[in-house]
Each structure stands twice: as C-alpha cells, then as structure tokens.
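Asks: Take a look at the letters that make up each chain.
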Amino acid sequence: MEIRFEHVTKKYGEVVAVADLSLAVQAGELLVLLGPTGCGKTTILRMLAGLEAVTSGEIYLGERAITHLSPRARDFAMVFQSYALYPHMSVAENLAYPLRVRHWRQDQIAATVKQVAARLELTSLLARRPRELSGGERQRVALGRAIIRNPNAFLLDEPLSNIDAKLRLQMRMELKHLQHSLGVTMLYVTHDQAEALTLAHRVAVLQKGVLQQLGEPMAIYHHPANLFVAGFVGSPPMNLVEGSVDFSAAAFTARDLRVPLPEALLTAARQAPRVTLGVRPEHVRLSRQGEPGWLAGRVYVCEATGNETLVSFRAGEHRLSARVPGTQSYDFEEAVWFTFDPAHLHLFDAATGQALP
Amino acid sequence: MRKQAWVYLLLLVALLPTLLPIYWVATISLKSVVDQFAVPPLWFRFAATAEHYRDIFFARPFGRYLWNSMVVAAVATLLALALGTAAAYALARLPMKRNWNRHLSLWILSTRMVPPIVTILPLFLLVRDVGLLNTRLALIVVYVGFMLPFVIWMMRGFFEEVPPELEEAALMDGSSRLRALRDIVLPLVAPGLAATAIFCLIIAWNEFLFALILTQTDAVMTLPVGIAGRVTQYEIKWGAMSAAGVVAMLPVFLFALAVQRYLVRGLSLGAVKG
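Each protein sequence line maps, in turn, to chains C and D. The working numbering applies: residue 1 is where the first sequence begins, and numbers increase by one. The working numbering applies: residue 1 is where the second sequence begins, and numbers increase by one.
Only chain D is shown next, with the shape it has when bound in the complex:
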C-alpha cells in the first residue's frame, strides 16, 4: 500500500505541469473579474460565477465558433481518414516496381517538410481566386491536405503489421479484396484508426494560422481564432477566453475518452502460428 501511494505521488508531480494550467483556466473561467487578479491567487475558495459562459454563448457567437470547429474538424478528419487509409493500404500491400512504394511514401512525407507559413500566401490567393474565402470548405480542404501525410504514414505502419496471410485466407475463403479489407483488415487496425483519428482531430481543432487568414467572418470562424479575438486593443477578456478555452477542450477530451479502449493494442496477437 505504501509503495502504491508513492507511485501516485510521483504521477501527480509528473502530471502537474500538464494539469495545473488546465485547472487554472477552468477556475479563471468560473471567477469574477475581481477574483481573477486576487493576490495571493484564490486556488480553491472563490465565488463561482457563470457570467463568462453566459457572455461567450449569448453576448458573442461562441456557439457558432464551436459548431464551425466541430464541422470543420469532423469532416476533415473523416475525409482524411477515408482517403489516407486507402492510400496507406495500397502503399503497404500492392507490389510496385523499383521500390516505388518507398519513393511515393517519402514524397508524401516531404510535403510536411515545408513550414506551413511558407505556403500561406499562395494558398490565400488560391482560395480567394476559386471563391472559397470565408467558407468552411476552404478550411476543410486545407486541413485534409495537412492530415493526409500523417494518416498515410501512421496507417501504413498499422497495415504492415497485419500478416498478409490473413487477407489471403479471406481471399481463399471467397471474399473480394474489398470485402477482405472490410471484414479482416480494418477490424484489426481499428486501434490504429482510432489513434490516427484523434491525431487528426487535434490538428484541425487547434489549427490557428490558416483559419485566421482564410476566414474573417463570424459565420465561419473556428474556436482558436474566435478566442484570440477576445484580445482587443482596449482590454483582454480573461474570463471569456478561459471559458472559451474550457469549452474548446471538452470535445477532444470526450472523444479521446470514448475511443480509449480502442487504443489498447494487441488484438492481432495469436493470429499467426503459436
């Protein structure tokens, strides 16, 4: 028992740098403006207020930002997963001449070697010229472009871990290639899919730079840009920003919680030989 207590204490210390800011943001979002600046800080005892939450949802279109973020992140993630998984499967399984699998994979990865900021101006012009400025579609397309290399590289690794005989067995049992993919391979890489999906969601959810440049109207703005908009030249609305921060954290947190059990690996153990 004593040993366990030590383990938990160590864990607590290790997690403090991660959890403390979250706690701080959460408490700020519940404090009145006066309490926010109290010295020494009010760690535990303060009068909780919902005024900042009321502020962001009723006085400002935060509900709208939240919805935009959700739509953009979800659609981009689904698209990237669908396209990227197919590409990763092909790269992992289809034999190509002269090592082209490798060359193609490296080329795909190389698209991530350019710092995003380099592409922002051409992208802005491109998006403007096709008339997609201030649309969620523009963000979705750009984010899918971001995510694809990650999805392809992560999923390729997961596919390569599935023994080819399993698919061959399915083919011999009479299924088509697609059916073997659906019945045998995808269930086995489900943990990988979940991990990749979380990764993509976080990319889209947190993305600031492109969202800032490509969207300027409240109707399509996403959360990170909306929150940053609370820093004005006259005042910084800490309470509203914190409340928005908490609201922004929740969906990703809940999603990660929901798919946690898929993240546990080892499903394919014992499939082959003994």
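Only chain C is shown next, with the shape it has when bound in the complex:
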C-alpha cells in the first residue's frame, strides 16, 4: 500500500528534527532515506512506525490517516539497527513472537517458523539464544522476525551498519533480492550512499531535517539538485570549486582555474553572480602530457584500488580528485595535466546551493 507523508514536521522543543516533509512511497517500492547523522532520517522512520509522535502534518497509509494510531494498528515490521532481539528467548521464540501476539495456532506458528528459518538459513540455530549468535546471524533473525508475517511495509533502520564489510555486501544483495521476491514496500534508512544507490528504487536525500532531493539513484548521482547532494552522494565525492562565470570568455573562472563552459550552462548561470562548478572524479581526464587548453596540476596522493586508481592532485589552491584506469599510476608531487569532460559539468548557485539550471 502507498505511504504518504503530508507536511510532516517533528520538533524536539525548539529543535526542528524534520521540517515540512512531503513524500510518497509507492506500493512495492524500496525507498532509501539517505543522509548524514542527525539529518532526521531515523526520526522519519520512527514517526511512520508510530514510535515517535508527529508534531504536525499527517501520515497516510493508502487512504487512511495513521498519524495517531498505535504501532500495532499500523502493522509495519521493523528491523532495528541494534537488531533488538529478545535476549531471553531462543531464535525460534524470537521468530514466533509476532505470530504468538496475533494468537496464531501452535502448529501454524511452528510450521511458519520452520519455513522462514529455512529461507534465511537459520534452521540449525533455532534453539540458540541471541547472545550465542554472530552479528550476521542476529541480523538474519531480526530480518526473519520481520518477514514472518505480511506487514504493510518493512522499515529498516541501518540494518547493515553493525556487520563487517564483506558480510555487508552479501546481505545487501540478499535484502534487495528478498524485497523483490516479496514485492513488499520497504523503507530503508542509511548514511551509506553506496548502499542507497545500489539498493533503492528511489532515494530521498535529507539534510538537517529537510528533504533535499527525491529521485532514482542514477538521477541523484548524475543530476544532483544542490551542492549538498552533489557532495554527499558519490565516493570519492564530486569536485566542487567556487568561482564565477566570465561571460565574455564563455568560461568558468576561479583563482588558478579557467574552464570553458557549454552554451546550456552559460545561459543557466545568467542570474547567479557566484557559482560553484562541480565535476565527478570519473569525468576528470588526467595525463602526463598536456594538450592545448589543459590545466596543470601536481599529484598529492595516488591510491590504487585494483580496477581503478584514485588520484588526488593540487591545481593552484584547489584540491581535486580523478578516477583513472587501474593501469595508470603516478608519483607524489608528479606534474600532471588535466581537463574536465564538458558534457558532465555541473553548476550550482553558490548563494543558494541550487543546481543550475
């Protein structure tokens, strides 16, 4: 079922945690709430869950306003960052708890627990207590407790942040596949932009309680709506240089830097006196031999990751990064030449941070 936030605001005293959020989550969609710590993403999830009161605004499930309903009446399943497994119950009892509360028959409960345990490869662990499980196993139990029934939606609060990196990639795939096969609506909170891009149908980027951009992962990546999104999404982050547009020369200028701009960006920049130029590291071309129009830089550090190499270099007072094929390698302080791919330049109004156009 569709979930809609309409002008939802949450205040703690004078502090605004979530400001006038309007957002619709479509049925069957996997929507990721992405943002740094303290951006309000968890608060949004908890308001939807019914664990946190809404200061103003309404939340709808389908056509029904659920803003003031108890968590039970909303019927969402949640996976907590800490997993929140019941320590005094075995894995089987943990999985069975949502069904027990719903007064299912014993034999039905046993059969369903068995089914879910098999699906999540927990069968051999059913008699264990949570404290006897590894992080990944606990995570699967928490997930199992959510999927054992048919809730209106799954709410996941940074479910992968407490397990080690290798397992995290595997669980990420499992989650995505699980959501697809169950076809259930899922809201997923994370501060990890890679997790957001890989998992989501759509990503909602948040900062300081304000929704910055809502869109498909590739739209967010290739067309960030403002400076915050541009800087937050992508690793390493987008190169951002503040300067102004020299219309007579049809170029962006900053100290030590002059970049010709295509026609579309020039028209877009008409109103903005100060602008910030953005370009992703993979759209920076780097070479030992300069060509006409290329700019000079000096390598700061070169990091090989295998398939590709990340080069951080200085151009005058600016620090920029480039993503080059793994076959290339540079020395410290080596002189290099670089240019930006003109098709992938971004301009932002330096005063408002909004993308131009």
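What the hints contain is simulated information worked out from the structure, not anything from laboratory work. Positions of the beta carbon are idealized from the N, C-alpha and C atoms, including for glycine. A few of these clues could be false.
Said to hold, decoys possible - The calculated lysine-lysine pairs, modelled on DSSO-like cross-linking and capped at a C-alpha distance of 27 Å, are:
hint, chain 1, residue 1, chain 2, residue 2
1, C, LYS208, C, LYS11
2, D, LYS97, C, LYS11
3, C, LYS176, C, LYS114
4, C, LYS208, D, LYS97
5, C, LYS166, C, LYS176
As the list claims (entries may be wrong) - Under 10 Å between C-beta atoms, here's a sample of chain C residues computed to sit facing chain D:
hint, residue
6, ARG46
7, GLY50
8, LEU51
9, PRO71
10, PHE76
11, MET78
12, PHE80
13, GLN81
14, LEU85
15, PRO87
16, PRO98
17, LEU99
18, ALA142
19, ALA146
20, LEU155
Claimed, not checked - With beta-carbon atoms standing in for the labels, derived distance ranges:
hint, chain 1, residue 1, chain 2, residue 2, range
21, C, ALA53, D, LEU254, 45 to 51 Å
22, D, SER176, C, VAL15, 26 to 32 Å
23, C, HIS7, D, PRO116, 53 to 59 Å
Mind docking chain D on chain C? Use the hints.
Replies: Same frame as chain C, now just chain D:
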C-alpha cells in the same frame, strides 16, 4: 589445592562475625536452662532439648505470631512490588516535561528522609481514628508505605538498563504496551524483582517499632514484638527467645535460598548489537 584451602580459611574468618551469633542462638535454643549459663560455654557438646520449641509453640501463641508475620510481610511485599514496579516503569520510560521524572523520583525518595519515629505518633492517631488499631491491615498499609520508595528506586534502575528498542521491537511485532511489559521487560528484570522482593520481605519481617505501637493483642502481633515480649520484669526467657529467633530466621533464609538463582545477573547481555 593449598591456595584454595587458604581462601576458605579467610572466608571463614570473614564470616565468623555473621555466623557465630546465629550459631550461638541456634545452640541456646536447644540447650536446657542450666547449660545456657555454663562457664566455660558449652560450644558443641550438650544435651539437646526441644523444650523451648514446645514452649513457644504450645504454651505461647508463637505459631500465631509467625503466621501474622508471614501474612503481613507477604501481602505488603506483593502490594509494594505491584504498585512500585508500575510507578518505576512509568518513571523510567514515559517522557515527562521539564525533567519531572527526576523531581518525582526525588520527592518519592525524600519520604524516606524522615526518621520513622517522627511519624509514629501521628500515624498511631491516624490508625486509631480509622479504626485499624490491632489489625494486620494497619501494618500492611504502613509497611507498603515504607517499601514503596525502595521498590521504585531499585526497579527504576533495573528498567533503565533494559534497552528501549526491545520494547519498541515488541510494539512493532504487534503487542500492546502492557503485553510488551509482560513478555519482554518483566522477564528481563526478574533478577531485579527478586532482589527487591527479598529487600521488602526483610524490612517487613524485622520491623519492630510500628508493630509494637500499632498492635497490642496476641491475635495480630508479629514475631519481633512477640519475641521481645519474652523479656519480662521477672525473668528473661533466653531459651524461648532463641527458639523464636531461629524460627523467625528460617523463612527469610529459605526464601533467599529459593530466589538465589534469579539474583545472578547478566541475562540481558547480548541483547543489543554484538
């Protein structure tokens, strides 16, 4: 092995001040009046007699005192636990404006700052006027009043140790607040409940002052007052008092033994994160 022997020896020395009086009382209760005053004292070898036990249970209404003590202590403890646990849960979990949780908790604790003897006269008049003098109900009500601050403060601490996410998880799984309390929170604070219960039982079991003032008839008198009654202006019945003392110690001792395993903490370890 040698090291272990040393440990036990040290333990024995450390426990001597606690255990010796108990041993002494127990032996006195079994000695004849002559043996009680033997010099040097008869530590181990004496002719055991049950006369004092016969005395307290058949010649005097000690069975009655024992029963009164049990009823008063048990009912007061149950009531205090029920009321106090609910209050402690609210103070630990429900958000209140302007730090009122703290103010309320401190106010509750402050009721214990008055020395009990200060309240005894007004309490006596109060109990007399409502016609509860010489009833067990009067003692129960007064003891519950004593215990509540302890119960609330101890249980609040235990509740605060339970991660809130566990309850939130139960709420998300579809249980009501009360059901989450019953299924998740209470089992996790069971060790705390046991410890608090023992504490309350001991308070009620040992209480002397209020019992002395509020009850004067054999029908409702509790053990401490009954035992003290063996000190008369003509004689002090050491044997009877010791026998009563042993009888008085036993129930608390047995209860503590029974709940001992709940006192072992650490059940909630591993609940959250890893």
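Asks: Using the nearest Cβ pair, does C/ALA146 come within less than 10 Å of chain D?
Replies: 8 Å, holds
Asks: Given the hint that D/LYS97 pairs with C/LYS11, does the C-alpha gap stay at or below 27 Å?
Replies: 14 Å, holds
Asks: Does the interface hint hold: is C/MET78 within less than 10 Å of chain D, judged Cβ to Cβ?
Replies: 4 Å, holds
Asks: The hint names C/ALA142 as touching chain D; please verify it with the least Cβ-Cβ distance against 10 Å.
Replies: Interface hint status for C/ALA142: holds (8 Å vs cutoff 10 Å).
Asks: Are C/GLY50 and chain D close enough, Cβ to Cβ, to be under 10 Å, as the hint says?
Replies: Holds, about 8 Å.
Asks: Is it true that the CA of C/LYS208 sits at most 27 Å from the CA of D/LYS97?
Replies: 24 Å, holds
Asks: Given C/ARG46 as an interface hint, is its Cβ closer than 10 Å to any Cβ of chain D?
Replies: Cβ of C/ARG46 sits 8 Å from chain D, so the hint holds.
Asks: Could you see if the CB distance from D/SER176 to C/VAL15 stays within 26 to 32 Å?
Replies: 31 Å, holds
Asks: Is 53 to 59 Å a correct range for the gap between the Cβ atoms of C/HIS7 and D/PRO116?
Replies: With a Cβ separation near 58 Å, C/HIS7 and D/PRO116 satisfy 53 to 59 Å, so the hint holds.
Asks: Given C/LEU85 as an interface hint, is the shortest Cβ-Cβ distance to chain D below 10 Å?
Replies: Hint holds; C/LEU85 Cβ to chain D Cβ min 6 Å, cut 10 Å.
Asks: Confirm or reject the claim that C/ALA53 and D/LEU254 have a C-beta distance inside 45 to 51 Å.
Replies: 48 Å, holds
Asks: Using the nearest Cβ pair, does C/PRO98 come within less than 10 Å of chain D?
Replies: 4 Å, holds
Checked against the numbered hints given earlier, the structure satisfies every one of them.
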